[in-house]
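Undergrad: Sequence:
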Amino acid sequence: MNAHAAVGEDAAPGRRARIAWLLRVNRLLAEERPLRSLSAFAAAFHGGAYDRDVSASTVSRWETGRKPVPWPAVRRYEELLGLPRNLLTATARTVWRYWAPGPVLDVDPGGVPARPVEDLLEQAVSDDVMTGDDWDQLVDGLCARPDVVLMPSGTWSRLAERLVEEMVIADDLPWMLRFESLNRLLNHRRGGRTVIAVCGAMAAERARLTATEIVCALDNCGHPDAADLVLGELTQPSGLLAHRGAVMACFRKVNYRHFDEMQLRTLVRVVRDSTGAGPLGDQIEPLRRHLSTVHPEYAHMVLGRSGRATLPGRSAVRHTDVFAQDARAPMAVAVCRVAACLGAVESDRVCHPPVPTALINEALTSPLFDVRLYAAFLLAATPYRPVLADALAAELIRPMAVRQEELAIPLLEALRVLGDHRHRGLLQRLAVSPGVPRVVAYAAVRGLGHVAADHAAGAFLRDAVAHHHAAWLSDRDPTTAATLESLVYALGMASRDDLLTAIAAEPGSLPAARTAAAWWLSIPGHRRASALL
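Residue 1 is where the sequence shown starts when you use this note's numbering, and the numbers rise one by one after that.
Derived from the structure by calculation, the hints contain no laboratory data.
Small disclaimer: the values here were computed from a predicted structure and weren't measured.
Glycine included, each C-beta is placed from N, C-alpha and C at the ideal position.
One thing to keep in mind: the hints can contain errors.
So the derived label-pair ranges between C-beta atoms look like this [stated by the list, open to error]:
no., residue 1, residue 2, range
1, 434, 511, 20 to 28 Å
2, 398, 118, 51 to 59 Å
3, 68, 115, 40 to 48 Å
4, 197, 57, 47 to 55 Å
5, 400, 272, 46 to 54 Å
6, 66, 434, 34 to 42 Å
7, 330, 123, 19 to 27 Å
8, 155, 129, 42 to 50 Å
9, 477, 190, 44 to 52 Å
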(Lines of atoms letter the chains of each structure in order from A; the text may use other names.)
(Lines give C-alpha, C1' and ligand atoms only; values in the text may rest on other atoms or scores of the structure.)
Protein backbone atom coordinates (compact mmCIF):
# COMPACT_ATOMS: atom_id res chain seq x y z
CA MET A 1 0.00 0.00 0.00
CA ASN A 2 1.35 3.41 -0.95
CA ALA A 3 0.08 5.87 1.62
CA HIS A 4 -0.80 9.49 1.45
CA ALA A 5 0.95 11.24 4.30
CA ALA A 6 -0.85 11.69 7.59
CA VAL A 7 -2.05 15.25 7.97
CA GLY A 8 -2.87 17.81 10.61
CA GLU A 9 -6.19 18.84 12.06
CA ASP A 10 -7.04 21.32 9.32
CA ALA A 11 -6.45 18.89 6.43
CA ALA A 12 -8.04 15.63 5.35
CA PRO A 13 -6.23 12.43 6.38
CA GLY A 14 -4.68 10.20 3.72
CA ARG A 15 -6.02 6.77 2.97
CA ARG A 16 -3.50 4.90 5.12
CA ALA A 17 -4.24 7.26 8.01
CA ARG A 18 -7.97 6.57 7.60
CA ILE A 19 -7.54 2.80 7.79
CA ALA A 20 -5.09 3.09 10.69
CA TRP A 21 -7.58 5.20 12.62
CA LEU A 22 -10.41 2.76 11.82
CA LEU A 23 -8.45 -0.09 13.38
CA ARG A 24 -7.19 1.90 16.34
CA VAL A 25 -10.51 3.39 17.41
CA ASN A 26 -12.26 0.02 17.20
CA ARG A 27 -9.61 -1.56 19.43
CA LEU A 28 -9.47 1.27 21.95
CA LEU A 29 -13.26 1.32 22.30
CA ALA A 30 -13.64 -2.48 22.26
CA GLU A 31 -16.21 -4.04 24.55
CA GLU A 32 -13.55 -6.51 25.75
CA ARG A 33 -11.48 -4.16 27.89
CA PRO A 34 -8.37 -6.37 28.02
CA LEU A 35 -8.03 -6.01 24.24
CA ARG A 36 -7.69 -2.26 24.63
CA SER A 37 -4.17 -2.95 25.86
CA LEU A 38 -1.72 -2.91 22.96
CA SER A 39 0.40 -5.71 24.42
CA ALA A 40 -2.58 -7.92 25.24
CA PHE A 41 -4.07 -7.38 21.78
CA ALA A 42 -0.76 -8.28 20.09
CA ALA A 43 -0.39 -11.39 22.25
CA ALA A 44 -3.84 -12.62 21.20
CA PHE A 45 -3.46 -11.75 17.52
CA HIS A 46 -2.03 -15.02 16.16
CA GLY A 47 -4.88 -17.23 14.96
CA GLY A 48 -7.98 -17.19 12.78
CA ALA A 49 -7.38 -15.27 9.57
CA TYR A 50 -3.82 -14.33 10.56
CA ASP A 51 -1.36 -17.18 11.02
CA ARG A 52 1.64 -15.25 12.34
CA ASP A 53 2.72 -13.74 15.62
CA VAL A 54 2.86 -9.95 15.81
CA SER A 55 4.55 -7.65 18.25
CA ALA A 56 3.00 -4.70 20.02
CA SER A 57 5.26 -2.43 17.97
CA THR A 58 3.89 -3.90 14.72
CA VAL A 59 0.30 -3.27 15.81
CA SER A 60 1.29 0.25 16.84
CA ARG A 61 2.80 0.92 13.41
CA TRP A 62 -0.37 -0.39 11.75
CA GLU A 63 -2.54 1.85 13.91
CA THR A 64 -0.47 4.98 13.34
CA GLY A 65 -0.17 4.50 9.59
CA ARG A 66 3.59 4.02 9.64
CA LYS A 67 3.29 0.50 8.22
CA PRO A 68 0.73 -0.92 5.76
CA VAL A 69 -1.65 -3.42 7.29
CA PRO A 70 -2.30 -6.68 5.36
CA TRP A 71 -5.93 -7.44 4.53
CA PRO A 72 -5.90 -10.71 6.55
CA ALA A 73 -4.80 -8.67 9.56
CA VAL A 74 -7.82 -6.38 9.12
CA ARG A 75 -9.96 -9.52 9.11
CA ARG A 76 -8.26 -10.64 12.33
CA TYR A 77 -9.25 -7.34 13.98
CA GLU A 78 -12.89 -8.24 13.24
CA GLU A 79 -12.46 -11.69 14.76
CA LEU A 80 -10.68 -10.56 17.91
CA LEU A 81 -12.99 -7.61 18.57
CA GLY A 82 -16.17 -9.61 17.93
CA LEU A 83 -17.27 -7.33 15.08
CA PRO A 84 -19.57 -8.35 12.22
CA ARG A 85 -17.62 -10.12 9.49
CA ASN A 86 -16.51 -7.67 6.76
CA LEU A 87 -17.33 -4.54 8.76
CA LEU A 88 -13.69 -3.44 8.82
CA THR A 89 -12.42 -5.23 5.71
CA ALA A 90 -15.14 -3.93 3.41
CA THR A 91 -14.89 -0.41 4.82
CA ALA A 92 -11.09 -0.41 4.56
CA ARG A 93 -11.21 -1.69 0.98
CA THR A 94 -13.72 1.00 0.07
CA VAL A 95 -11.52 3.70 1.55
CA TRP A 96 -8.39 2.29 -0.08
CA ARG A 97 -9.99 2.15 -3.52
CA TYR A 98 -11.67 5.54 -3.40
CA TRP A 99 -8.61 7.45 -2.26
CA ALA A 100 -6.18 5.59 -4.51
CA PRO A 101 -4.10 7.70 -6.93
CA GLY A 102 -5.28 5.45 -9.78
CA PRO A 103 -7.74 2.62 -10.55
CA VAL A 104 -7.29 -0.37 -8.24
CA LEU A 105 -7.67 -4.05 -9.07
CA ASP A 106 -7.53 -5.68 -5.67
CA VAL A 107 -5.96 -9.14 -5.93
CA ASP A 108 -4.92 -9.49 -2.28
CA PRO A 109 -7.71 -11.41 -0.51
CA GLY A 110 -8.87 -10.52 2.96
CA GLY A 111 -8.25 -14.03 4.25
CA VAL A 112 -8.28 -17.67 3.23
CA PRO A 113 -11.45 -18.35 1.14
CA ALA A 114 -13.92 -20.58 2.90
CA ARG A 115 -15.09 -22.20 -0.37
CA PRO A 116 -13.60 -22.94 -3.81
CA VAL A 117 -14.21 -20.33 -6.50
CA GLU A 118 -15.83 -22.96 -8.72
CA ASP A 119 -18.52 -23.65 -6.10
CA LEU A 120 -19.21 -19.95 -5.61
CA LEU A 121 -19.43 -19.40 -9.36
CA GLU A 122 -21.97 -22.20 -9.73
CA GLN A 123 -23.99 -20.68 -6.90
CA ALA A 124 -23.94 -17.20 -8.47
CA VAL A 125 -25.33 -18.33 -11.82
CA SER A 126 -28.08 -20.37 -10.15
CA ASP A 127 -31.22 -19.32 -8.30
CA ASP A 128 -29.58 -19.89 -4.95
CA VAL A 129 -29.13 -17.10 -2.43
CA MET A 130 -25.78 -15.21 -2.54
CA THR A 131 -24.54 -13.26 0.46
CA GLY A 132 -22.29 -10.22 0.23
CA ASP A 133 -19.49 -12.35 1.67
CA ASP A 134 -20.07 -14.93 -1.09
CA TRP A 135 -19.64 -12.21 -3.71
CA ASP A 136 -16.53 -10.90 -1.97
CA GLN A 137 -14.86 -14.33 -1.97
CA LEU A 138 -15.94 -15.12 -5.53
CA VAL A 139 -14.59 -11.88 -6.94
CA ASP A 140 -11.36 -12.22 -4.95
CA GLY A 141 -10.89 -15.60 -6.61
CA LEU A 142 -11.67 -14.29 -10.10
CA CYS A 143 -9.37 -11.28 -9.69
CA ALA A 144 -6.53 -13.56 -8.61
CA ARG A 145 -6.90 -15.18 -12.07
CA PRO A 146 -6.87 -12.23 -14.51
CA ASP A 147 -6.89 -14.52 -17.58
CA VAL A 148 -9.62 -16.86 -16.33
CA VAL A 149 -12.04 -18.10 -19.01
CA LEU A 150 -15.63 -18.59 -17.88
CA MET A 151 -17.78 -21.08 -19.73
CA PRO A 152 -20.33 -21.21 -21.20
CA SER A 153 -20.26 -17.92 -23.05
CA GLY A 154 -22.40 -15.31 -21.38
CA THR A 155 -21.31 -16.25 -17.86
CA TRP A 156 -19.60 -12.89 -17.33
CA SER A 157 -22.83 -11.14 -18.34
CA ARG A 158 -24.94 -13.28 -16.03
CA LEU A 159 -22.59 -12.65 -13.14
CA ALA A 160 -22.50 -8.90 -13.70
CA GLU A 161 -26.25 -8.58 -14.20
CA ARG A 162 -27.03 -10.41 -10.96
CA LEU A 163 -24.35 -8.57 -9.00
CA VAL A 164 -25.59 -5.15 -10.12
CA GLU A 165 -29.25 -6.07 -9.56
CA GLU A 166 -28.52 -7.15 -6.00
CA MET A 167 -26.24 -4.17 -5.36
CA VAL A 168 -28.84 -1.54 -6.20
CA ILE A 169 -31.39 -3.01 -3.78
CA ALA A 170 -28.89 -3.75 -1.00
CA ASP A 171 -28.06 -1.43 1.87
CA ASP A 172 -25.27 -0.80 4.37
CA LEU A 173 -22.67 -3.60 4.56
CA PRO A 174 -24.40 -5.89 2.00
CA TRP A 175 -24.32 -2.96 -0.45
CA MET A 176 -20.70 -2.11 0.26
CA LEU A 177 -19.55 -5.68 -0.32
CA ARG A 178 -21.32 -5.82 -3.67
CA PHE A 179 -20.22 -2.35 -4.75
CA GLU A 180 -16.59 -3.19 -4.04
CA SER A 181 -16.97 -6.51 -5.85
CA LEU A 182 -18.35 -4.67 -8.87
CA ASN A 183 -15.45 -2.21 -8.79
CA ARG A 184 -12.95 -5.06 -8.88
CA LEU A 185 -14.77 -6.83 -11.72
CA LEU A 186 -14.90 -3.63 -13.78
CA ASN A 187 -11.10 -3.66 -13.84
CA HIS A 188 -10.75 -7.39 -14.52
CA ARG A 189 -8.48 -8.01 -17.49
CA ARG A 190 -10.75 -10.50 -19.24
CA GLY A 191 -14.22 -9.81 -17.87
CA GLY A 192 -14.13 -6.03 -17.39
CA ARG A 193 -15.36 -5.07 -20.84
CA THR A 194 -18.44 -7.26 -20.52
CA VAL A 195 -19.17 -5.93 -17.03
CA ILE A 196 -18.97 -2.35 -18.38
CA ALA A 197 -21.45 -3.20 -21.12
CA VAL A 198 -23.87 -4.76 -18.64
CA CYS A 199 -23.68 -1.64 -16.44
CA GLY A 200 -24.43 0.57 -19.43
CA ALA A 201 -27.43 -1.51 -20.50
CA MET A 202 -28.88 -1.67 -17.00
CA ALA A 203 -28.41 2.05 -16.33
CA ALA A 204 -30.22 2.89 -19.56
CA GLU A 205 -33.41 1.01 -18.61
CA ARG A 206 -36.39 3.35 -18.26
CA ALA A 207 -37.32 1.96 -14.83
CA ARG A 208 -33.85 2.34 -13.39
CA LEU A 209 -34.21 4.33 -10.19
CA THR A 210 -30.67 3.30 -9.35
CA ALA A 211 -28.90 4.44 -12.53
CA THR A 212 -26.86 7.00 -10.60
CA GLU A 213 -24.84 4.46 -8.63
CA ILE A 214 -24.44 2.13 -11.63
CA VAL A 215 -22.94 4.81 -13.86
CA CYS A 216 -20.97 6.37 -11.02
CA ALA A 217 -19.27 3.01 -10.38
CA LEU A 218 -17.45 3.46 -13.71
CA ASP A 219 -15.32 6.25 -12.22
CA ASN A 220 -12.70 3.72 -11.09
CA CYS A 221 -12.53 1.84 -14.40
CA GLY A 222 -9.74 2.79 -16.79
CA HIS A 223 -11.08 0.92 -19.82
CA PRO A 224 -11.92 3.22 -22.79
CA ASP A 225 -15.41 1.70 -22.97
CA ALA A 226 -16.15 3.10 -19.50
CA ALA A 227 -15.08 6.59 -20.57
CA ASP A 228 -17.27 6.32 -23.70
CA LEU A 229 -20.26 5.20 -21.64
CA VAL A 230 -19.90 8.00 -19.09
CA LEU A 231 -19.52 10.62 -21.80
CA GLY A 232 -22.53 9.22 -23.65
CA GLU A 233 -24.70 9.59 -20.55
CA LEU A 234 -23.54 13.20 -20.32
CA THR A 235 -24.24 14.18 -23.91
CA GLN A 236 -27.34 12.04 -24.54
CA PRO A 237 -28.51 10.85 -21.13
CA SER A 238 -30.93 7.97 -20.87
CA GLY A 239 -32.44 9.70 -17.84
CA LEU A 240 -31.78 12.32 -15.18
CA LEU A 241 -30.43 9.79 -12.71
CA ALA A 242 -28.01 8.27 -15.23
CA HIS A 243 -26.87 11.79 -16.11
CA ARG A 244 -26.17 12.54 -12.44
CA GLY A 245 -24.15 9.34 -12.16
CA ALA A 246 -22.08 10.38 -15.17
CA VAL A 247 -21.41 13.81 -13.65
CA MET A 248 -20.27 12.17 -10.42
CA ALA A 249 -18.05 9.69 -12.28
CA CYS A 250 -16.24 12.53 -14.00
CA PHE A 251 -14.48 13.78 -10.86
CA ARG A 252 -12.22 10.75 -10.64
CA LYS A 253 -12.09 10.08 -14.38
CA VAL A 254 -10.72 13.59 -14.83
CA ASN A 255 -8.20 12.94 -12.04
CA TYR A 256 -7.16 9.65 -13.63
CA ARG A 257 -6.93 11.19 -17.15
CA HIS A 258 -9.39 8.66 -18.56
CA PHE A 259 -10.66 11.09 -21.23
CA ASP A 260 -8.66 11.81 -24.38
CA GLU A 261 -8.39 15.39 -25.62
CA MET A 262 -11.49 15.24 -27.82
CA GLN A 263 -13.55 13.69 -25.01
CA LEU A 264 -12.26 16.29 -22.59
CA ARG A 265 -13.38 19.13 -24.84
CA THR A 266 -16.82 17.51 -25.09
CA LEU A 267 -16.96 17.25 -21.31
CA VAL A 268 -16.01 20.91 -20.91
CA ARG A 269 -18.76 21.96 -23.31
CA VAL A 270 -21.42 19.83 -21.60
CA VAL A 271 -20.48 21.03 -18.12
CA ARG A 272 -20.37 24.64 -19.27
CA ASP A 273 -23.88 24.41 -20.72
CA SER A 274 -25.46 22.46 -17.83
CA THR A 275 -27.71 24.48 -15.56
CA GLY A 276 -27.31 22.40 -12.42
CA ALA A 277 -30.98 23.00 -11.65
CA GLY A 278 -33.28 20.67 -9.75
CA PRO A 279 -32.62 18.10 -7.02
CA LEU A 280 -30.29 16.06 -9.26
CA GLY A 281 -28.04 18.90 -10.42
CA ASP A 282 -26.08 19.45 -7.22
CA GLN A 283 -22.78 18.10 -8.59
CA ILE A 284 -22.55 20.31 -11.69
CA GLU A 285 -21.09 23.32 -9.91
CA PRO A 286 -18.43 21.30 -8.05
CA LEU A 287 -17.49 19.59 -11.33
CA ARG A 288 -17.02 22.99 -12.99
CA ARG A 289 -14.57 23.97 -10.29
CA HIS A 290 -12.85 20.60 -10.37
CA LEU A 291 -12.33 20.80 -14.12
CA SER A 292 -10.94 24.32 -13.87
CA THR A 293 -8.47 23.15 -11.19
CA VAL A 294 -7.22 20.00 -12.92
CA HIS A 295 -7.30 21.59 -16.40
CA PRO A 296 -6.72 25.34 -15.92
CA GLU A 297 -6.43 25.71 -19.69
CA TYR A 298 -10.21 25.25 -19.82
CA ALA A 299 -11.07 27.42 -16.81
CA HIS A 300 -12.27 30.36 -18.91
CA MET A 301 -14.63 28.05 -20.84
CA VAL A 302 -16.02 26.33 -17.75
CA LEU A 303 -16.27 29.30 -15.38
CA GLY A 304 -16.69 32.18 -17.82
CA ARG A 305 -14.47 35.14 -18.58
CA SER A 306 -14.32 36.23 -14.95
CA GLY A 307 -12.97 32.83 -13.91
CA ARG A 308 -15.60 32.72 -11.17
CA ALA A 309 -18.41 30.24 -10.81
CA THR A 310 -21.99 31.17 -10.07
CA LEU A 311 -22.03 30.03 -6.46
CA PRO A 312 -20.11 32.32 -4.09
CA GLY A 313 -18.15 31.21 -1.08
CA ARG A 314 -16.78 27.91 -2.37
CA SER A 315 -13.15 27.06 -2.91
CA ALA A 316 -11.92 25.20 -5.98
CA VAL A 317 -12.84 21.54 -5.71
CA ARG A 318 -9.97 19.12 -5.39
CA HIS A 319 -10.35 15.54 -4.22
CA THR A 320 -10.48 16.54 -0.56
CA ASP A 321 -11.67 20.15 -0.60
CA VAL A 322 -14.61 21.30 1.47
CA PHE A 323 -16.88 24.30 1.31
CA ALA A 324 -15.35 27.53 2.50
CA GLN A 325 -16.30 28.09 6.12
CA ASP A 326 -16.09 30.90 8.62
CA ALA A 327 -17.01 31.26 12.25
CA ARG A 328 -20.47 32.57 11.38
CA ALA A 329 -21.45 29.75 9.04
CA PRO A 330 -24.28 27.62 10.50
CA MET A 331 -22.71 24.42 9.19
CA ALA A 332 -19.39 25.20 10.88
CA VAL A 333 -21.25 25.49 14.18
CA ALA A 334 -23.14 22.24 13.47
CA VAL A 335 -19.89 20.41 12.71
CA CYS A 336 -18.44 21.56 16.05
CA ARG A 337 -21.53 20.40 17.95
CA VAL A 338 -21.55 17.00 16.24
CA ALA A 339 -17.81 16.51 16.83
CA ALA A 340 -18.21 17.45 20.49
CA CYS A 341 -20.49 14.44 21.01
CA LEU A 342 -17.57 12.03 20.50
CA GLY A 343 -16.47 12.57 24.08
CA ALA A 344 -19.49 10.59 25.25
CA VAL A 345 -17.98 7.32 23.99
CA GLU A 346 -14.27 7.94 24.47
CA SER A 347 -12.05 6.09 26.86
CA ASP A 348 -9.01 7.63 28.45
CA ARG A 349 -6.96 6.00 25.70
CA VAL A 350 -8.72 7.74 22.79
CA CYS A 351 -7.91 11.24 21.69
CA HIS A 352 -10.31 11.76 18.81
CA PRO A 353 -8.94 14.83 16.97
CA PRO A 354 -7.96 15.26 14.26
CA VAL A 355 -9.18 12.27 12.21
CA PRO A 356 -12.86 11.94 13.24
CA THR A 357 -13.29 15.71 13.29
CA ALA A 358 -11.93 15.89 9.76
CA LEU A 359 -14.26 13.05 8.70
CA ILE A 360 -17.29 14.78 10.22
CA ASN A 361 -16.29 17.93 8.38
CA GLU A 362 -16.04 15.98 5.11
CA ALA A 363 -19.34 14.19 5.69
CA LEU A 364 -21.19 17.47 6.18
CA THR A 365 -19.35 20.08 4.11
CA SER A 366 -17.60 18.53 1.11
CA PRO A 367 -19.15 19.63 -2.21
CA LEU A 368 -18.52 16.12 -3.57
CA PHE A 369 -21.29 13.66 -2.78
CA ASP A 370 -18.94 10.66 -2.84
CA VAL A 371 -16.52 12.28 -0.39
CA ARG A 372 -19.42 12.91 1.99
CA LEU A 373 -20.64 9.33 1.53
CA TYR A 374 -17.33 7.59 2.15
CA ALA A 375 -16.54 9.74 5.18
CA ALA A 376 -19.90 8.69 6.63
CA PHE A 377 -19.16 5.02 5.86
CA LEU A 378 -15.88 5.24 7.72
CA LEU A 379 -17.53 6.81 10.77
CA ALA A 380 -20.31 4.21 10.62
CA ALA A 381 -17.78 1.38 11.03
CA THR A 382 -16.80 2.59 14.51
CA PRO A 383 -18.37 2.63 17.99
CA TYR A 384 -19.07 6.33 17.39
CA ARG A 385 -21.94 5.49 15.02
CA PRO A 386 -25.01 5.68 17.31
CA VAL A 387 -23.82 8.82 19.11
CA LEU A 388 -23.04 10.57 15.83
CA ALA A 389 -26.45 9.62 14.45
CA ASP A 390 -28.17 11.09 17.51
CA ALA A 391 -26.12 14.28 17.15
CA LEU A 392 -27.15 14.61 13.49
CA ALA A 393 -30.79 14.11 14.45
CA ALA A 394 -30.46 16.77 17.15
CA GLU A 395 -29.24 19.24 14.53
CA LEU A 396 -32.19 18.44 12.26
CA ILE A 397 -34.65 19.11 15.07
CA ARG A 398 -33.51 22.73 15.11
CA PRO A 399 -36.05 24.77 13.06
CA MET A 400 -33.31 26.79 11.39
CA ALA A 401 -31.70 23.63 9.97
CA VAL A 402 -34.84 22.50 8.19
CA ARG A 403 -35.37 25.91 6.61
CA GLN A 404 -31.83 26.06 5.24
CA GLU A 405 -31.37 23.55 2.44
CA GLU A 406 -27.57 23.79 2.44
CA LEU A 407 -27.65 22.74 6.10
CA ALA A 408 -30.45 20.17 6.13
CA ILE A 409 -29.48 18.14 3.06
CA PRO A 410 -25.93 17.16 4.17
CA LEU A 411 -27.26 16.33 7.63
CA LEU A 412 -29.95 14.10 6.14
CA GLU A 413 -27.48 12.41 3.79
CA ALA A 414 -25.18 11.60 6.69
CA LEU A 415 -28.09 10.35 8.81
CA ARG A 416 -29.09 8.06 5.94
CA VAL A 417 -25.78 6.20 6.48
CA LEU A 418 -25.40 6.49 10.25
CA GLY A 419 -29.02 6.39 11.44
CA ASP A 420 -31.12 3.50 12.75
CA HIS A 421 -34.73 2.76 13.68
CA ARG A 422 -34.70 5.49 16.35
CA HIS A 423 -34.43 8.17 13.66
CA ARG A 424 -37.11 6.92 11.30
CA GLY A 425 -39.82 9.04 12.92
CA LEU A 426 -37.80 12.20 12.29
CA LEU A 427 -37.38 11.33 8.62
CA GLN A 428 -41.10 10.63 8.33
CA ARG A 429 -42.01 14.00 9.80
CA LEU A 430 -39.65 15.86 7.49
CA ALA A 431 -40.97 13.92 4.50
CA VAL A 432 -44.54 15.23 4.78
CA SER A 433 -44.67 18.17 7.21
CA PRO A 434 -46.03 21.48 5.85
CA GLY A 435 -43.42 24.17 5.44
CA VAL A 436 -40.51 21.81 4.85
CA PRO A 437 -38.74 22.84 1.60
CA ARG A 438 -39.31 20.38 -1.23
CA VAL A 439 -35.66 19.46 -1.63
CA VAL A 440 -35.39 18.80 2.12
CA ALA A 441 -38.46 16.56 2.01
CA TYR A 442 -36.88 14.78 -0.96
CA ALA A 443 -33.67 14.18 1.01
CA ALA A 444 -35.69 12.84 3.95
CA VAL A 445 -37.60 10.45 1.68
CA ARG A 446 -34.31 9.19 0.23
CA GLY A 447 -33.32 8.27 3.76
CA LEU A 448 -36.51 6.27 4.34
CA GLY A 449 -35.31 3.53 2.01
CA HIS A 450 -32.20 2.99 4.11
CA VAL A 451 -32.81 3.87 7.76
CA ALA A 452 -34.42 0.79 9.30
CA ALA A 453 -36.60 0.05 6.28
CA ASP A 454 -39.17 -2.53 7.30
CA HIS A 455 -42.54 -3.91 6.29
CA ALA A 456 -44.35 -2.08 9.09
CA ALA A 457 -43.47 1.28 7.54
CA GLY A 458 -45.90 0.62 4.71
CA ALA A 459 -48.80 2.55 6.25
CA PHE A 460 -46.80 5.73 6.46
CA LEU A 461 -45.32 5.24 2.99
CA ARG A 462 -48.80 4.75 1.52
CA ASP A 463 -49.95 8.03 3.03
CA ALA A 464 -46.75 9.77 1.94
CA VAL A 465 -47.29 8.61 -1.65
CA ALA A 466 -50.81 10.06 -1.57
CA HIS A 467 -49.49 13.33 -0.08
CA HIS A 468 -46.80 13.88 -2.69
CA HIS A 469 -48.95 12.59 -5.54
CA ALA A 470 -51.54 15.26 -4.77
CA ALA A 471 -48.78 17.88 -4.75
CA TRP A 472 -47.46 16.61 -8.07
CA LEU A 473 -50.90 16.74 -9.67
CA SER A 474 -51.15 20.34 -8.53
CA ASP A 475 -47.92 21.76 -9.95
CA ARG A 476 -45.98 18.96 -11.74
CA ASP A 477 -42.85 20.06 -9.90
CA PRO A 478 -39.76 17.92 -10.80
CA THR A 479 -38.60 17.73 -7.19
CA THR A 480 -41.98 16.32 -6.16
CA ALA A 481 -41.76 13.81 -9.01
CA ALA A 482 -38.32 12.72 -7.81
CA THR A 483 -39.73 12.39 -4.29
CA LEU A 484 -42.49 10.08 -5.54
CA GLU A 485 -39.94 7.88 -7.30
CA SER A 486 -37.89 7.70 -4.10
CA LEU A 487 -40.99 6.67 -2.17
CA VAL A 488 -41.36 3.75 -4.57
CA TYR A 489 -37.76 2.82 -3.78
CA ALA A 490 -38.58 2.94 -0.05
CA LEU A 491 -41.59 0.67 -0.63
CA GLY A 492 -39.35 -1.79 -2.46
CA MET A 493 -36.77 -1.75 0.33
CA ALA A 494 -39.60 -2.36 2.83
CA SER A 495 -40.87 -5.32 0.70
CA ARG A 496 -44.35 -3.81 0.39
CA ASP A 497 -45.30 -5.61 -2.82
CA ASP A 498 -48.97 -4.94 -2.12
CA LEU A 499 -48.45 -1.19 -2.34
CA LEU A 500 -46.08 -1.51 -5.29
CA THR A 501 -48.77 -3.50 -7.11
CA ALA A 502 -51.34 -0.80 -6.39
CA ILE A 503 -49.06 1.94 -7.77
CA ALA A 504 -48.17 -0.07 -10.87
CA ALA A 505 -51.86 -0.64 -11.60
CA GLU A 506 -53.04 2.94 -10.98
CA PRO A 507 -53.41 4.81 -14.31
CA GLY A 508 -53.30 8.21 -12.60
CA SER A 509 -49.95 7.60 -10.89
CA LEU A 510 -46.80 9.36 -12.00
CA PRO A 511 -45.66 7.30 -15.03
CA ALA A 512 -42.09 7.00 -13.74
CA ALA A 513 -43.40 5.78 -10.38
CA ARG A 514 -45.59 3.15 -12.07
CA THR A 515 -42.65 1.92 -14.14
CA ALA A 516 -40.40 1.82 -11.09
CA ALA A 517 -42.98 -0.15 -9.10
CA ALA A 518 -43.27 -2.67 -11.93
CA TRP A 519 -39.47 -3.00 -11.98
CA TRP A 520 -39.36 -3.80 -8.27
CA LEU A 521 -42.04 -6.44 -8.70
CA SER A 522 -40.07 -8.05 -11.55
CA ILE A 523 -36.93 -8.68 -9.47
CA PRO A 524 -36.63 -12.43 -8.79
CA GLY A 525 -37.23 -13.45 -5.20
CA HIS A 526 -33.82 -15.08 -4.71
CA ARG A 527 -32.10 -11.82 -5.64
CA ARG A 528 -34.23 -9.73 -3.31
CA ALA A 529 -33.51 -12.22 -0.52
CA SER A 530 -29.79 -12.20 -1.33
CA ALA A 531 -29.56 -8.40 -1.21
CA LEU A 532 -30.44 -8.48 2.50
CA LEU A 533 -27.41 -10.64 3.35
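Undergrad: Could you run down the list of hints and mark each one as holding or not?
TA: Structure-based check of all given hints:
Checked against the given bound of 20 to 28 Å, the beta carbons of residue 434 and residue 511, roughly 27 Å apart, stay inside it. Between residue 398 and residue 118 the C-beta distance comes to about 56 Å, which sits within the given range of 51 to 59 Å. The hinted range of 40 to 48 Å is not satisfied by residue 68 and residue 115, whose Cβ atoms lie roughly 28 Å apart. Judged by the Cβ atoms, the range 47 to 55 Å given for residue 197 and residue 57 holds: they are separated by roughly 49 Å.
The supplied range of 46 to 54 Å is broken by residue 400 and residue 272, whose beta-carbon atoms lie about 35 Å from each other. Taking the beta carbon of each, residue 66 and residue 434 are about 55 Å apart, not inside 34 to 42 Å as hinted. In this structure the supplied range 19 to 27 Å is violated for residue 330 paired with residue 123, their Cβ-Cβ distance being about 51 Å. About 19 Å separates the C-beta atoms of residue 155 and residue 129, a value inconsistent with the hinted range of 42 to 50 Å.
Roughly 47 Å separates the CB atoms of residue 477 and residue 190, a value that falls within the hinted 44 to 52 Å.
Hint compliance for this structure: hints 3, 5, 6, 7 and 8 are not met, and every other hint is.
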